[in-house]
Amino acid sequence: MSLRPSPWVSVLYVVGLVSVFLGERVAGAGTGRLVLSGLGLALVLLAVAWRVTRTARASGDGRRLERWLLGLFLLGGLGLALYVLSSDVAPWGVPLKKQAPRLAVVLAALFPALLAATLLPLVLVELAVAAMARGPVLEMGRVRAALHSGLGLAFALVFAFSTMYVATQADVSWDLAYFRTARPGEATRKLARGLNAPVEVTLFFPPANDVRQALEQYFRELSRESGLLKVEVLDQAVEPARAKSMGVGENGSVVFSRGQRHERLKIPLELERARGQLQRLDEDVYRRLRMVARPRRVLYLTVGHGERGLMPQAATALEKARPGLSQLEEWLRVLNVEVRTLGVAEGLETEVPRDAAVVAVVGPERDFTSEELAALRRYVEHGGRLWLALEPDGPGLEPLLEPLGLKLLRAPLANDQRYLRISHQQSDRGNLVTASFSSHVSVGTLASLGSEASIVFPGATALESVEPLPKGVKHDVSVRASAETFQDTNHDFIPNEGEPRRAWPLVVAVEKAGVSGASPARVVAMGDSDVMTDGGPRGYGNPYLLVDTVLWLLGEEELAGEVSNEEDVPLQHTRQKDVVWFYSAVFLVPAMVLGAGFLVTRSRGRRRAPRAPGGGAP
Amino acid sequence: MMRTLLIARRELAAYLRTFQGYIIIAMVLAVDGLLFNAYALGGVSKRSSEVLSLFFFFSSGTTLVASVFISMRLLAEERQAGTLPLLYSSPVKDHEIVLGKFLSALAFLSLMTLATVFMPLLVMVHGKLSVGHIAAGYLGLLLLGSASLAIGTFGSALARNQVLAAVLSGCMLVALLTCWLLARITEQPLSDVFGALALWNQHFQPFQAGVVHVRDVVYYLLVTYVALFAATRVLEARRWR
Chain A
130 MSLRPSPWVS VLYVVGLVSV FLGERVAGAG TGRLVLSGLG LALVLLAVAW
180 RVTRTARASG DGRRLERWLL GLFLLGGLGL ALYVLSSDVA PWGVPLKKQA
230 PRLAVVLAAL FPALLAATLL PLVLVELAVA AMARGPVLEM GRVRAALHSG
280 LGLAFALVFA FSTMYVATQA DVSWDLAYFR TARPGEATRK LARGLNAPVE
330 VTLFFPPAND VRQALEQYFR ELSRESGLLK VEVLDQAVEP ARAKSMGVGE
380 NGSVVFSRGQ RHERLKIPLE LERARGQLQR LDEDVYRRLR MVARPRRVLY
430 LTVGHGERGL MPQAATALEK ARPGLSQLEE WLRVLNVEVR TLGVAEGLET
480 EVPRDAAVVA VVGPERDFTS EELAALRRYV EHGGRLWLAL EPDGPGLEPL
530 LEPLGLKLLR APLANDQRYL RISHQQSDRG NLVTASFSSH VSVGTLASLG
580 SEASIVFPGA TALESVEPLP KGVKHDVSVR ASAETFQDTN HDFIPNEGEP
630 RRAWPLVVAV EKAGVSGASP ARVVAMGDSD VMTDGGPRGY GNPYLLVDTV
680 LWLLGEEELA GEVSNEEDVP LQHTRQKDVV WFYSAVFLVP AMVLGAGFLV
730 TRSRGRRRAP RAPGGGAP
Chain B
847 MMRTLLIARR ELAAYLRTFQ GYIIIAMVLA VDGLLFNAYA LGGVSKRSSE
897 VLSLFFFFSS GTTLVASVFI SMRLLAEERQ AGTLPLLYSS PVKDHEIVLG
947 KFLSALAFLS LMTLATVFMP LLVMVHGKLS VGHIAAGYLG LLLLGSASLA
997 IGTFGSALAR NQVLAAVLSG CMLVALLTCW LLARITEQPL SDVFGALALW
1047 NQHFQPFQAG VVHVRDVVYY LLVTYVALFA ATRVLEARRW R
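From first to last, the protein sequence lines stand for chains A and B.
Mapping of the first sequence onto my numbering: residues 130 to 747, in sequence order.
Mapping of the second sequence onto my numbering: residues 847 to 1087, in sequence order.
Excised from the complex, chain A in its bound form:
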């Protein structure tokens, strides 16, 4: 006897399974779970019973179809039973999770596979049968193909999930992002080369350690620079007494020793944690090496005239916020230079302290008193080292600049072609970018780096040499603005008539013969103080300008050079670069693709064009 196809039995079965799912996964607990799961189970049982009855009543191909469907129902039922066994619903009281946790996990992985192997073929078989609902006979070949398709899909899914599980459990990863241990930079190499007494570097690391290997490589390279630099690797656990004598209590330290002086550098033992430090290792090494190899010097920052301080200043009703000089202080600390303040309280009106290696006047807003200026002049005349960083709207400090043959032009400078975009406002034109350096040693590193190390001067003015220069004074314009820079006298950042364009001098290095046998004085005058502050952009050559300036003022210009740093830096572009990048990415390259497409399709069209009869031109 042949029965009419009845998809409702399968629908009932699927609804039952969905109800069980909702009860177990959505309701979770309480009456809701009991009702939904119970109802679902009842519907599944009802559907199975219905299918059994239909199988018994059917005959021929109909019976085969019912048997296949019954088989799928029972397979799903088995999946449901495995779920019950693996869940907290345990017919015998204690859940299987507690009795046999591994078996519970196996069952938990098996039941979804069985349900997939039930539901997918069930849906496809019912679709195949529905397609033949009006046909005179049931084509079992089509039903079999649908069944196989469903089973194939289910097996593919099971395979995919199992493979994914294995891949997740046995995952291997490779971190290909930028990471490189810094190599000894030119400045550190020069420092090592200039050692005049033995310096020992002791690495306390356990054997077979990645960080130790990276450090060994670095110091092996550095120790080639000087026979006075000895490098030794020790395990603190093996040599606790030596470690203790150097103040080291555990592995993960590098100690720089000269006589009884020890400087320690802590580095984590795990490569992941040590990454950042290894990227700027050269800077840390340079600092420690300098601390043990060179005497400490003092740089005095004048105060009391609205100068830039070490700490940033918050905005007030009258003044805008001003960045501090903490970055400069950091660099000076690397050079083993201590920063102290110098004002009236410290005796600036009478004399500059004798231990002053350099006196810096950074961005004053008010005039100095005549006594202070006189003290500074005397300091310069007796071979002092002065660093002046001035602003267009600050005092001119003429009494100090005139004997040096310098004049501060108060007009601010701007550039409409080569400037750094920060706020994307017109005022960005005041952020001058230049790579125009002289061969003076105070900009030696910058000159060697060339355009790779442009400097940004945010809001600068120019300095001018007053000819003829006073006797014994030598000038070197070490940094100039780019040639298209104009004097923005009306502060509108637009080049107007009467606002000349020139390669304005921005930094001037001055040497002045000392009086009565004193060593020559050195002065660096800058037309901008922001170039020294924390507001200066990273990734540009500003730090080199500051470090080389300090080294020249200290008379240690032979130690100037690049400090290797592999740390990632923020990308900052000039407007020119932004424009080039924008147009190349948005217009040029797509246009090139279109052009290539035009050429390809056109040449193809020509090739396919029919030839004229008789072999003439088409």
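FYI, nobody ran anything at the bench for these hints, they're computed from the structure.
Mixed in with the good hints there might be a few duds.
Result set (SDA-like, lysine to any residue): computed pairs, CA atoms no more than 25 Å apart in a straight line [unchecked claim]:
1) Lys373(A) - Leu394(A)
2) Lys939(B) - Lys373(A)
3) Lys939(B) - Ala289(A)
Use these hints to put chain B onto chain A, whose structure you have.
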């Protein structure tokens, strides 16, 4: 295999011998370039690794969208034009048709994706990037593109016309993309399943950061395999539908 490659070559030539293929590549390049300039490079200055990561983030979006548009025509166009029976009657197997068409679309998408490589190279000019990071990002883009193209091929096999194919593929991709949201609101072990299924969130972000996990590579390959398998089954369904 030869027949698969023959179909792939023929299909790829169909993309490249018409001007439309170049228009698609140019449009994707322009959109990528715009997003790169406006968001990855624009605003406050960012570290080079962050810029690169943002570039891959936006490129993954354009890759997903492009894959829908590329794949929608694969089988649906044949069905719409009535040429599918011709393919059926030729001595090629269903899986060869699916694989050949998929490979051609993948080659086209790869060409389009690799055409953007000048952007990360521009970052290298001033930034500190490793070639490995760029390679990892592009591997991620190609795997994501492969998976979404395979899903698109499946959608194209299901649909009667190209528009419906795009809608179906889009829906499936969105469903897979939003699996991470489901992972948030469900409990274990379902949340783990949904989390692992999420097409972008869990599996693409490591590539963006320059980290290659075997599990992520396997995931995209498996999605590609299952989707292509399903597309083949759909083609085979003509025997029982």
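Any hints this thing doesn't respect? Which numbers, in order?
-> 2
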